[in-house]
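Please build the complex by placing chain F on the supplied structure of chain D, with the hints as guidance.
As given, the protein sequences belong to chains D and F, one line each in that order.
Per numbering that gives the first Met the number 0, the first sequence starts with residue 0, numbered consecutively.
Per numbering that gives the first Met the number 0, the second sequence starts with residue 0, numbered consecutively.
It cannot be assumed that every hint is accurate.
It does not matter which identical chain is meant; a pair holds if it fits inside one copy or across any two.
Listed below are the simulated PhoX-like cross-link pairs for lysine-lysine, each with C-alpha atoms no more than 25 Å apart in a straight line [unchecked claim]:
#, residue 1, residue 2
1, K107, K16
2, K29, K68
3, K68, K317
4, K199, K232
Hints were generated in silico from the structure; no laboratory data involved.
Since the structure is predicted, the reported quantities are computational estimates derived from the model, not experimental observations.
Number of protein chains: 2
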Amino acid sequence: MRKENNDRMGWEENVRKVTPYVPGEQPENKKVIKLNTNECPYPPAPGIRKLAGSIDYSRLRLYPDTEAKRLSEALCGYYHIMPEQLFTGIGSDDVLAMSFLTFFNSGKPVLFPDITYSFYDVWAGLFRIPYQQKKLDEKFRIVKEDYMTENGGIVIPNPNAPTGVLEGVDVLEEIVAANPGSVVIIDEAYVDFGGESCLKLIDRYENLLVVRTFSKSRAMAGLRIGFAMGSPKLIHYLKDAKFSFNSYTMNMLSVELGAEAVRDEKYFQDTIKKIVATRERVKKELLGMGFVFPDSKGNFIFAAHPEVPAKKIFEELKVRGIYVRYWEKPRIDNYLRITVGTDEEMDILINNLRSIMKNKPE
Amino acid sequence: MRKENNDRMGWEENVRKVTPYVPGEQPENKKVIKLNTNECPYPPAPGIRKLAGSIDYSRLRLYPDTEAKRLSEALCGYYHIMPEQLFTGIGSDDVLAMSFLTFFNSGKPVLFPDITYSFYDVWAGLFRIPYQQKKLDEKFRIVKEDYMTENGGIVIPNPNAPTGVLEGVDVLEEIVAANPGSVVIIDEAYVDFGGESCLKLIDRYENLLVVRTFSKSRAMAGLRIGFAMGSPKLIHYLKDAKFSFNSYTMNMLSVELGAEAVRDEKYFQDTIKKIVATRERVKKELLGMGFVFPDSKGNFIFAAHPEVPAKKIFEELKVRGIYVRYWEKPRIDNYLRITVGTDEEMDILINNLRSIMKNKPE
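Only chain D is shown next, with the shape it has when bound in the complex (with noise of 0.2 Å):
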């Protein structure tokens, strides 16, 4: 923090100062075949646009519901959980910080895979909370035992973002089990598509929070929608910070719209039953041209190559009008994340895989 000569910056030493995070790009371009942000490429559930058009537009003018309750009751239905046990917010990043912000406060470090969501030390960052980053295996695996140290908060998502790779119930049970002092997340921001749920063991521990999100099976990425499932003490906790910080973050149509997407319980399975058959055949066709991925249960694909770098793929593939997500970090920079697209898009990247694999830029 330098000083400024001139008085009137005074202000700025008092700034927090961060490092943000930074989203894939979203670029203008339509045509762009867009598989850099993990997004759903099919369209919510169809009932969102008729509902769209029924709702009560006047209403706007007042206030929505502090506690989303349309949306909470579609949600506690499919979950069988108690509105106690849930709590809503903007997206899964929403419910994420919140909670940073409302469980880790003891000043003992929090724990995270090094390979991970990035957004965990950026909301460290912010909240000036320290960290530790546990190494994944070889094999991107977490070893359960770094979870096993003194601690102040543990976050892990499953199945893990960037690799797709999804760790079992009973050795993230035994973490939780092994931290009665300290917050547990589980972030399953991509479980729908093959994971098992962490949700099953929110009655036995009291401090296991469960993470999820709109963005990516329910193609609601737009609207904002992410939430959580714990304990009633854990929940009340996280819903007074909340309302300390934003009394109504639910606007109304993302309430309405929300309940009804939860509602469409046959396209929701669909949706994921596509994804998940396109990924599949995706992994075939990689492999067959010589990637190598570890096996991913997310609905993207994190792959290498051993005789093309990454980031001259990534590049060519960006030229050619498809984006995928790249990132110039220690031990995953050969790798480049994918999303799946539809049968159609990932047609036309292979095809341009190919291509780029047969000039073989260095």
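Just chain F now, with coordinates in the frame of chain D:
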């Protein structure tokens, strides 16, 4: 923080304990005359319903634009500012919460009036920011010298809530100019109803942040839109913090429908005119009944009656299905904050007040 006997409770010690803000009641009974949360009695711009019907809901699968571009363009055009001078959020509460987190980190007390928006001390509590409440004078006016002592930041609502008292821009400019070492927030939630804005000062004072909302004059409390205007440097820091909390706050529908509200300037001005006319008429009626109140420039009147306790009137009105706001707090526990509704609603209110006065409850 008591130590729990049960070891499994250990995590609770590290929870951020807070006393949350308590918003005004949102009764589910739609027949209630709701004059308790300063909502607009008229619907939002008519183009909103039409636009909502034409939105491509399949695009909800994609993340929204992180810069809320369409909304930003509309606001920048309307207020003649640059995008670098604008920050948007989930209502002005979100904007204010993020501002407290970003700017008030000096360890010195943040200053705001003793009678004011009751969320300021909640945010200070949430973020462990020391604060001092400066006593308004007998006429509920701020004493400008109070804001010229050492401080870690200043928040002044103008017009003030719940009093409705408007301060002159000249006085506020003196305060801003006297505090180059602090960020000064002028919370203009109600300024559209007859106040002069400090917006014209943002080019001159790098430390001034002007905060606005769509929840009052723009009749969109249900959509959750707020914004702040200030120097590019101030806004840059605020955005950095926001992007360290949640990349995608403004959802697609809020961006589109909010922009539409801004575009319909005539409807906006007509709505304000109607509310102001009703407010002035109600002032006369209340005076005729013996009520006293500071002259309000908001969409509410903060009134007391010398003979009948406010709490009694509040309770009597509630029984009759009319909700106003009452706080059992020092200095204001004999006042009611009455939102200006439609003319019809205010006629019903006045008739009921007359009937209550006749019986003079004690």
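Status of the hints after comparison with the structure:
{"no.": "1", "hint": "K107 - K16", "result": "both (21 Å within a copy, 18 Å between copies)"}
{"no.": "2", "hint": "K29 - K68", "result": "between (35 Å within a copy, 16 Å between copies)"}
{"no.": "3", "hint": "K68 - K317", "result": "between (43 Å within a copy, 23 Å between copies)"}
{"no.": "4", "hint": "K199 - K232", "result": "within (17 Å within a copy, 48 Å between copies)"}
The structure meets every hint from the earlier list without exception.
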